[in-house]
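Engineer: Okay, here's what each chain looks like letter by letter:
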Amino acid sequence: MTQSPLIIHQAAGKSMLTLPMVLLFAGLMISCSSNTEQTAVTTVFIPDIPRTWDSTALAGFDLPLATARATPKQVSSSYYYQLPERVIYKSYPIYAPGREPKNYLAWLQKQEPQVAFDPANLKTESDWIKAGELVFDASIDTAVFPLQVVRDKAFYVQNNMPVSAEGVMPFARYVVLKKGLIAISGLGCNMCHTRVMPDGSVIKGAQGNLPEARRLANFFGNPHIPKEAVQGFVQGLTATPWLADDPNSRLSQQPKEKIIAALNAMPPGTMFRQGAGILFPPQIPDLIGVKERQFLDHTGLNRQRGIGDLMRYAALNQGMDFLASYDGFIPGGIEAKLLPPPGKGLAPGSAFRYSDAQLYALARYVYSLKPPTNPNRVNALTRQGEQIFAQQGCVSCHTPPLFTNNMLTPADGFSIPEQHYTQYPIFDISVGTNPDYTLKTRRGTGYYKVPSLKGVWYRGPFLHDGSLASLDDILDARRLRDDYVPTGFKRADVRTQAVRGHEFGLDLKATDRQALIAYLKTL
Amino acid sequence: MMIRLLGYLLLGLLCRLLNNPEATQPASGVTFLIRNAGIIVTGSFSNLQTAIHFDPAHPEASSLVATVSAATIRTGIALRDAHLQKRSYFDTEHFPRIRMVAKRIQKRPNNCYVGLFDLTIRTVTKPVDVFFCYYPKGTEGHLTGQFRVNRRDFGLGSTSLLLSDEVMVLIDVETGPLVR
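Residue numbers (the numbering used here), protein chains in the order written: chain A, 1 to 523; chain B, 1001 to 1180.
Treat the hints with caution; some may be incorrect.
Quick list of the computed label-pair ranges, beta carbon to beta carbon [stated by the list, open to error]:
no.: 1; chain 1: B; residue 1: Gln1049; chain 2: A; residue 2: Ala59; range: 45 to 55 Å
no.: 2; chain 1: A; residue 1: Ala498; chain 2: B; residue 2: Arg1104; range: 49 to 59 Å
no.: 3; chain 1: B; residue 1: Asp1165; chain 2: A; residue 2: Thr56; range: 31 to 41 Å
no.: 4; chain 1: A; residue 1: Asp507; chain 2: B; residue 2: Pro1096; range: 24 to 34 Å
no.: 5; chain 1: B; residue 1: Val1065; chain 2: A; residue 2: Ala59; range: 44 to 54 Å
Computed footprint of chain B on chain A; a stretch qualifies when at least three of its residues, placed anywhere within it, have a C-beta under 8 Å from a C-beta of chain B [as the list claims (entries may be wrong)]:
no.: 6; segment: 246-254
no.: 7; segment: 426-434
These aren't lab readings, by the way, just hints derived from the structure by calculation. For glycine and all other residues, C-beta sits at the position ideal for the given N, C-alpha and C.
Chain A extracted, bound-state conformation (with noise of 0.2 Å):
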């Protein structure tokens, strides 16, 4: 087991995409509420479990992208199925230098590995959910984090790391994979999805909040790490080939410098996921609530018709992305045209898969998970807020009781196909954001969801690619200035930028402003 943060692969006598095993950010977040239930009479649950890679329901999972030909095909179910399973072990809290335990390593050092997720435990549904848990914690890659890296003060002084009441840096985790041997698991559904809170409480499933575009800038400034390697890091994570002039390619032409400041534009709460872009990075989604969601990710890339989905959505966030061909190019494959043997990816997470069990117990987890307790009221003011909901038409997106109405919007630049109009739920205007994210990355549909608003009080920055960060800079005329600074994300080359569309709410009177943002926190 290798502690390198960074490999580059090199097949058997054929050169590859150069893929960094580094990171990846995938993500498919979950979250948790610590108190699931507890019944009191323990009945035997017998989970109706679908199977994930079925190429049925495949077929109607992906959305097409902006540009068609590059829609994904996924991998065989013969393929997916040949993938050695995940083992999952028991993991461990990491803590911030000076809050651990005493000899915590030593003790952890005389640990056995356990191996922590066996479907033949769970009895109860209470057990399902769990054991989802322990799959939303579980590592895909242990070369993300190095050992010496999390225990070092620097590491938590230099990326303003997060970390809980209780000292733990929330993120990861240590897992023995083999007594003596302790490593960091990577790339889980809690690395994206886990917020700690001001006053150091942790919402798992939540957007989160790792300042991970940082903590890369810096380790890729460590003068060690070859500009190759990191050129390749963005090249197989960002890559669009099928664009004329692909923007993502040109940054992975970049010196070091230059992808290291594009990274540092990046706030925590938005991520550099794989598909999605350095250019052009995704808010983090909350996925507390996201069962009630007809469509994952910001562009409606898949559809959720059920759990299986949500299931689908985990393994393909997880890997099988890398895997998928986008008109020829297979971001993970052996010179991103071939797939590699069943077991042999080398790109993150795509040389394993979750057990059908695994992912089931995952999506009842994220199923499960249940907002914190709300500290704002209800009162007069937030009541004037909600007319004031009500008379800027926000209703009609942000539809009560969900607070969206699951509809996809056009971006600008997106001509809706003609049997787009019967195939999926349009509301057909767009409302003028930002496009790149959906016509420039390999997640772009040239549609974006409507989000919903719950849970706007804990969460931030906002927008799809996170540049505003608070509600009060969203309903701020300002932003529509060239001569604005965003307060979220903003790209690296530029020292201005308006942030247009979503035009609501702007020309209302201070007190209508304020109302409006004491109701919109009560959601």
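Fit chain B to the known structure of chain A by using the hints.
Structural biologist: Just chain B now, kept in the frame of chain A:
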């Protein structure tokens, strides 16, 4: 209780519009009201075109045709207006005008009438009963009327928990020289 209160408010607004000539005379036009998320949204259409031959004494001999540009819909929120012009509502690209044609008109007390009109929105034509009153003004006059429609009968949007199906439509028309 709240629904009843809103109903009263709506009724009050209608009575005011119908019974107060001052309120309805500024210009010919079409106004509508619909309840959305507990509040009454008012909107309008413009570019009203009419062909009216109205005889107050013999309304059965009258001819009334009115059309309005669907793309002129205004509700106070520009993006909502744009969306209402799309295919899930008025589809103004393909169906630019809304049309009403009187089929039969009957007199009621106090210069008021009930007319059976064919209302055509998009590809759907449905009969609607329009209650209207005539307000003479020299040799000309105003016709001010109102009717209710179910928006879904005309394919305007889909089922909604928040947006009412029923729409109240108010019409105010300059008649021009009367037929006598």
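Engineer: Looking only at beta-carbon atoms, does the pair alanine 498 of chain A, arginine 1104 of chain B fall within the given range of 49 to 59 Å?
Structural biologist: Holds: the Cβ-Cβ distance is about 57 Å, inside 49 to 59 Å.
Engineer: Starting from the range 44 to 54 Å, see whether the pair valine 1065 of chain B and alanine 59 of chain A falls in it by beta-carbon distance.
Structural biologist: 52 Å Cβ-Cβ, so the 44 to 54 Å window holds.
Engineer: Between the segment 246-254 of chain A and chain B, see if three or more residues pass the 8 Å beta-carbon test, and mark the coverage as holds or violated.
Structural biologist: violated (count 0)
Engineer: Is 24 to 34 Å respected by the C-beta to C-beta distance linking aspartate 507 of chain A and proline 1096 of chain B?
Structural biologist: 30 Å, holds
Engineer: Between aspartate 1165 of chain B and threonine 56 of chain A, does the beta-carbon spacing fit 31 to 41 Å?
Structural biologist: Roughly 37 Å apart at Cβ, these two residues keep to the hinted range, so it holds.
Engineer: Just to be sure I understand the hint, the distance between the Cβ atoms of glutamine 1049 of chain B and alanine 59 of chain A should be within 45 to 55 Å; is that true here?
Structural biologist: Since the Cβ atoms of glutamine 1049 of chain B and alanine 59 of chain A sit about 50 Å apart, the hinted range of 45 to 55 Å holds.
Engineer: For the segment 426-434 of chain A, does the count of residues with a C-beta closer than 8 Å to a C-beta of chain B reach 3?
Structural biologist: Answer holds; 5 residues pass the 8 Å Cβ test.
The structure is inconsistent with hint 6 alone, although it conforms to all the rest.
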